[in-house]
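**Student:** Start from chain A and add chain B according to the hints.
Which chain is which? The protein sequence lines are A and B, in order.
Position 137, counted from 1, in the first sequence is what the UniProt record's numbering calls 137; the numbers after and before it change by one each time, with no gaps.
Position 577, counted from 1, in the second sequence is what the UniProt record's numbering calls 577; the numbers after and before it change by one each time, with no gaps.
Hint data in this document are derived by calculation from the structure and do not stem from the laboratory.
These figures come from a predicted structure and were not determined experimentally.
Be aware that a few hints might be false.
Copies of the same chain are indistinguishable here, so a pair counts whether it falls within one copy or spans any two.
Straight line, CA to CA, 30 Å or less: simulated DSS-like cross-link-like pairs of lysine-lysine [unchecked claim]:
1. 297 - 526
2. 33 - 633
3. 187 - 13
4. 200 - 554
5. 33 - 184
6. 633 - 187
7. 200 - 633
8. 633 - 184
9. 13 - 205
10. 562 - 103
11. 184 - 13
12. 205 - 633
13. 103 - 7
14. 317 - 562
15. 33 - 13
16. 56 - 554
17. 317 - 33
18. 184 - 554
19. 7 - 562
20. 297 - 633
21. 526 - 633
22. 7 - 56
23. 633 - 516
Take a look at the letters that make up each chain.
Number of protein chains: 2
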Amino acid sequence: MTGPEFKPLLPVKQPVPSDIEIAQSVEPVHIAKIAEAVGLLPEEFDLYGIHKAKVKLSVRDRLADAPNGKYVVVAGITPTPLGEGKSTTTIGLCQALGAYLDKKVLTCVRQPSQGPTFGIKGGAAGGGYSQVIPMEEMNLHLTGDIHAITAANNLLAAAIDVRMFHERTQTDEALFNRLCPADKQGKRRFAPVMLRRLAKLGITKTDPEELTPEERRDFARLDLDPASITWRRVIDTNDRFLRSITVGQGTEERGQTRGTGFDITVSSEIMAVLALATDLADMRERLGRMVVGNDSKGRPVTADDLGAGGALTVLMKDAILPTLMQTLERTPVLVHAGPFANIAHGNSSVVSDQIGLKLVGPEGYVVTEAGFGADIGMEKFMNIKCRASGLTPDCVVLVATVRALKMHGGGPPVVAGTPLHHDYTTENVPLVSAGCCNLVRHIQNARKYGVPVVVAVNRFASDTDAELEAVRAAALEAGASAAVICAHHGLGGAGAVELGQAVIAACSPETKPEFKFLYDVNLSIKEKIEIIAREMYHASGVEYKPEAEAQIEKYTRMGFDKLPICMAKTQYSFSHDASLKGAPSGFILPIRDVRASVGAGFLYPLVGNMMTMPGLPTRPCFYDIDLDPATGKIVGLS
Amino acid sequence: MTGPEFKPLLPVKQPVPSDIEIAQSVEPVHIAKIAEAVGLLPEEFDLYGIHKAKVKLSVRDRLADAPNGKYVVVAGITPTPLGEGKSTTTIGLCQALGAYLDKKVLTCVRQPSQGPTFGIKGGAAGGGYSQVIPMEEMNLHLTGDIHAITAANNLLAAAIDVRMFHERTQTDEALFNRLCPADKQGKRRFAPVMLRRLAKLGITKTDPEELTPEERRDFARLDLDPASITWRRVIDTNDRFLRSITVGQGTEERGQTRGTGFDITVSSEIMAVLALATDLADMRERLGRMVVGNDSKGRPVTADDLGAGGALTVLMKDAILPTLMQTLERTPVLVHAGPFANIAHGNSSVVSDQIGLKLVGPEGYVVTEAGFGADIGMEKFMNIKCRASGLTPDCVVLVATVRALKMHGGGPPVVAGTPLHHDYTTENVPLVSAGCCNLVRHIQNARKYGVPVVVAVNRFASDTDAELEAVRAAALEAGASAAVICAHHGLGGAGAVELGQAVIAACSPETKPEFKFLYDVNLSIKEKIEIIAREMYHASGVEYKPEAEAQIEKYTRMGFDKLPICMAKTQYSFSHDASLKGAPSGFILPIRDVRASVGAGFLYPLVGNMMTMPGLPTRPCFYDIDLDPATGKIVGLS
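Just chain A, same shape as in the assembly (with noise of 0.2 Å):
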């Protein structure tokens, strides 16, 4: 607990100097390399330049009947808003794991967005000596995965606004004939994904010939409802003047004008897809029933509807493959999708994770990580993404740090960019301990799922040893397997070793743990969002406004209601109140509205606002990004 028992094996440097100085300063070896000791066959994954590689699912198939790897989920405390340190951990442990403690490891961790790149935060490739690299390729295009998540999103939106366009300027008949028009012999013919509407509409017939003129005008006539309309355009970029605008303005439009807005990509639907899609098919089949919005007699119409399901999996086909990089002492990363984890799930993908089990084989070890506090992040991948992946962890870590502990006591609030009150900087041992009930219950979730917990406080320089001791007491008291003090941020894997031997007998218990879902899918959407309202926040009950009431009867009625629960809720609070610090309970945690990700496959409770579309403020960091023009090397990324 008072220091490493290893020896760094990157030279560090004290202090710890920038994320991306200290990113630069170790040359990345080939992204072959990494990928030959990891496994892969050189037909399994794809380059792109020297330091990324994307890897095929071919890989899963070979390995198919291949006895899976241990599976590791990290999650957080609530969290402050300056974070925890959870990307950080995840990437120490495993360098800990792999460089250190001489097991196969893979570090499954999300693709982060651009747009904040160039704002506030800077980029998100972990920090100090516990890092993906290189950074700049993590923070900025990657492999171009989100970049087609904006195409397929806005394809579809370009093709909703030109669909009520078209049907709104031509006659049935006019519209049924371009849609089916006929070829050189006369012939007309249905393309195939017209036969899923048609299906859907329960027509058997195949050829256009034959469809009565009720018929056609039902076939081609989708009716969309404008203000039933949820699906908005997306772009990876910061840029709040998108989040509400009108479109349609122009005189070629016939004013047909509409309200709507941008949100980021990370956001759209299709980031949740991706991140839950097991195959292509699979892919295909949840991008193709995506709704958009409903006709005008209420039923749901989707990507397919609208024939687009098809070029929305062309444009994602190669977004489909995770993306192999490394961290700072050579052990292989998966970086996929990047869901929010406000109105999605927040958990990179299942693919990566699958194949990640299978390519380390039973002595290895998978981490992946679980955005915001615990509350979201890990009861969504219990509850969502086991579901989608058939998967189970066995072990979950949970990221604490003093810091935050002491807010939780009633610590004065923390506030990005002003300096930290001095409660935080000097020893005070009973606010962190009056804290420690935020990770007490966390703690408690975590072990409702049946899986071994084991706490990771994150040290950070203030930090005395009497108060880590008191945390650490405290999470052993709660029934941690293990609570470990770690330095990773500043040692790299050197800072993790005791952390990552504490996973490692975490995941080797005597009986495999008993998994278990905190809710049966096939209950009501109420008794669901109740169970987790209960269960994981203590709620003494939720309150639904008049909006979420007629959702749920709609979602209902379509029979959307056998879809887990996706929480749209701040990770400030187990509350829906962020400044509700500690444990709160006794709360009514009021529902505004509910809204559904079909295509990914849940609905998600609008638990307050939540904010879709960044700003920029007064001086975004773009301000200090440049690049060297002799030697090609980015400046100012941080």
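**Tutor:** For chain B alone, kept in the frame of chain A given last:
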């Protein structure tokens, strides 16, 4: 003229199958083999999968002292809306030179926009047996260059609106303090990009503390005039409902709404910058000096004034590397940049051509394509691209078809999507002969640059020998070095061997041609416009609308009058009126407005309305596009 002298190497079929069928019938070789064959060292390219590679600019440095190859530019006569096969001829010619005539050859083509791939026209990778493969890679994300442009363009757009917002809602002092915050030691500093703005304002101080309140105000307030903003957002999707929009309608934007719109990405000035930049440093300067609007005093406001020039360069750092691909007959292709041919110069990148000329060496050939008809694409190639690159062509290949010449001779209108009039499908020599005036003028225009012209007649099945002979005779009489009938669409390189021989002959004159620009850039804006109008279009005069007069005055005052001119004119006529076919003269060319792409480095007079955002038809071609989940193969792409 009556058939190929060479046996096709490809197993060609009659009738010619669909483009994707042909493209998928040939297994591309590993791109590393193509790279090696073209003389690239292993460290001079980065693989992007096994069929694409990004070529590093370092190869140009290594070969700096080596002599250049022959430089051939392919242009076309005034086309029909169906296109006359310029790209196909470019590729077919290279297949002939490389696969049949044993020459080192490199094809330089533009990257197609992804938007239209899903709209009406399908892909753009050549056609028939003259294609770049894999055609689906070419038509979809390729190596992400267009996505990088979208990201860079829109970061700048977001910066504009948010800067106006922050200026509107903050005092001078608050604004300055946020732009130059004190660090932990209480020291303020200017970011390097801010020194550019200071220099522009005539402030030589480098310590923020030393600025007077007036200087602080002038530095911190860009004072953008909202009405002057010409920078629009872009997206690589055919989304007509984004042509004209209102942004900023969220309550958080506090009433700062603004009318603006999206263009398709390839029309972004950043695409033109990419195509004209000679290296990273040049691209950095061009991106930084792009003008987005002016302040209330009429002074131009640039990307660097917004602090974004460096960040845009970082987003574009990989995009500046051309992508190596291959033709159906395994000759190398560099795909790079695809600027519009009306509001921009419509040519692929300078760096591709420069790299190509070094790689093929003095006995080799670089064949590059100029967009639109030669009055647009070739003129801009000569006067804009050659000025930026310092290169001059050895030969112009002018592509003509009997179909287009019949139209110019007075044939009925040719309309996409409707069957051709029988004048076009049966022999009509007088109609062809009458239309040759169009070809003749393009030949004469090309000769004004002092470069020999080879006419390539792209033969269609319905063309008769008498018709083809009429074209050949007219071309030779007009001063073409040669006029050759080609059949590369149906035969691949074997169908363009005679064209290849003619190009070789034209490039081997006794004396190197004496290249001449059409105008001196130091002439006034109007003088330059008038030279192009008179010499290239045969207008009898130019008429400036009041907006154009005002802009000419403004740009002259701003010092942008020494830039070359990039006419934004229809390609369907030498004149401004698309219905004036043949070789019209004596018309008055109306200049509606004049705009500037200061970063790209040209002024673009608007001759009529230019469409910068296409739409989707009632039945977009995405209806047919899907993917076979079992094989991952794309179906339905045309």
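**Student:** If a hint holds in the structure, say so; if it does not, say that too.
**Tutor:** Here's how the hints hold up against the structure:
Proximity of residue 297 and residue 526 under a CA criterion of 30 Å is satisfied intra-copy only: 25 Å inside one chain copy versus 60 Å between copies. Taking the closest pair of Cα atoms, residue 33 and residue 633 come within 30 Å of each other both inside a single copy (23 Å) and across two copies (29 Å). Taking the closest pair of Cα atoms, residue 187 and residue 13 come within 30 Å of each other only across two copies (25 Å); inside a single copy the shortest separation is 74 Å, beyond that limit. In this homomeric assembly, residue 200 and residue 554 come within 30 Å of each other (Cα to Cα) only inside a single copy, at 18 Å, whereas the closest approach across copies is 60 Å.
In this assembly of identical chains, the alpha carbons of residue 33 and residue 184 never lie at most 30 Å apart, being 54 Å within a copy and 42 Å across copies at closest. Taking the shortest alpha-carbon separations for residue 633 and residue 187, only the inter-copy value of 27 Å comes in at or below 30 Å, while the best intra-copy value is 59 Å. For a Cα distance limit of 30 Å, the shortest separation of residue 200 from residue 633 across copies, 26 Å, qualifies, whereas the shortest one inside one copy, 54 Å, does not. Taking the shortest Cα distances, residue 633 and residue 184 sit within 30 Å of each other only across copies (27 Å), while inside one copy they are farther apart (57 Å).
Taking the shortest Cα distances, residue 13 and residue 205 never come within 30 Å of each other, neither inside one copy (72 Å) nor across copies (35 Å). Taking identical chains as interchangeable, the C-alpha atoms of residue 562 and residue 103 are never at most 30 Å apart, the minima being 40 Å within one chain and 65 Å between chains. Within a single copy, residue 184 and residue 13 get their C-alpha atoms only as close as 73 Å, which misses the 30 Å cut-off; across copies the closest is 20 Å, which meets it. Proximity of residue 205 to residue 633 under the C-alpha cut-off of 30 Å is restricted to the inter-copy arrangement: shortest distance 28 Å between copies versus 61 Å within a copy.
For the identical chains of this complex, residue 103 and residue 7 are intra-copy neighbours only, at 17 Å inside a copy versus 60 Å across copies, given an alpha-carbon limit of 30 Å. Taking the shortest Cα distances, residue 317 and residue 562 sit within 30 Å of each other inside one copy (28 Å), while across copies they are farther apart (47 Å). Taking the shortest alpha-carbon separations for residue 33 and residue 13, only the intra-copy value of 27 Å comes in at or below 30 Å, while the best inter-copy value is 44 Å. Taking CA atoms no more than 30 Å apart as the test, residue 56 paired with residue 554 passes in neither setting, with 40 Å inside one copy and 56 Å between copies.
Proximity of residue 317 to residue 33 under the C-alpha cut-off of 30 Å is found in both arrangements, the shortest distances being 25 Å within a copy and 25 Å between copies. For a Cα distance limit of 30 Å, the shortest separation of residue 184 from residue 554 qualifies neither inside one copy, at 45 Å, nor across copies, at 55 Å. In this assembly of identical chains, residue 7 and residue 562 lie within 30 Å of each other by CA distance neither inside one copy nor across copies; the values are 52 Å within and 63 Å between. In the homo-oligomer, the alpha carbons of residue 297 and residue 633 never lie at most 30 Å apart, since the shortest distance is 57 Å inside one protomer and 38 Å across protomers.
For the identical chains of this complex, residue 526 and residue 633 are neighbours neither inside a copy (53 Å) nor across copies (43 Å), given an alpha-carbon limit of 30 Å. Neither within a single protomer nor between protomers do residue 7 and residue 56 lie at most 30 Å apart by alpha-carbon distance, with minima of 36 Å and 39 Å respectively. Taking the closest pair of Cα atoms, residue 633 and residue 516 never come within 30 Å of each other, the shortest separation being 49 Å inside a single copy and 39 Å across copies.
Checked against the numbered hints above, the structure breaks hints 5, 9, 10, 16, 18, 19, 20, 21, 22, 23 and satisfies the rest.
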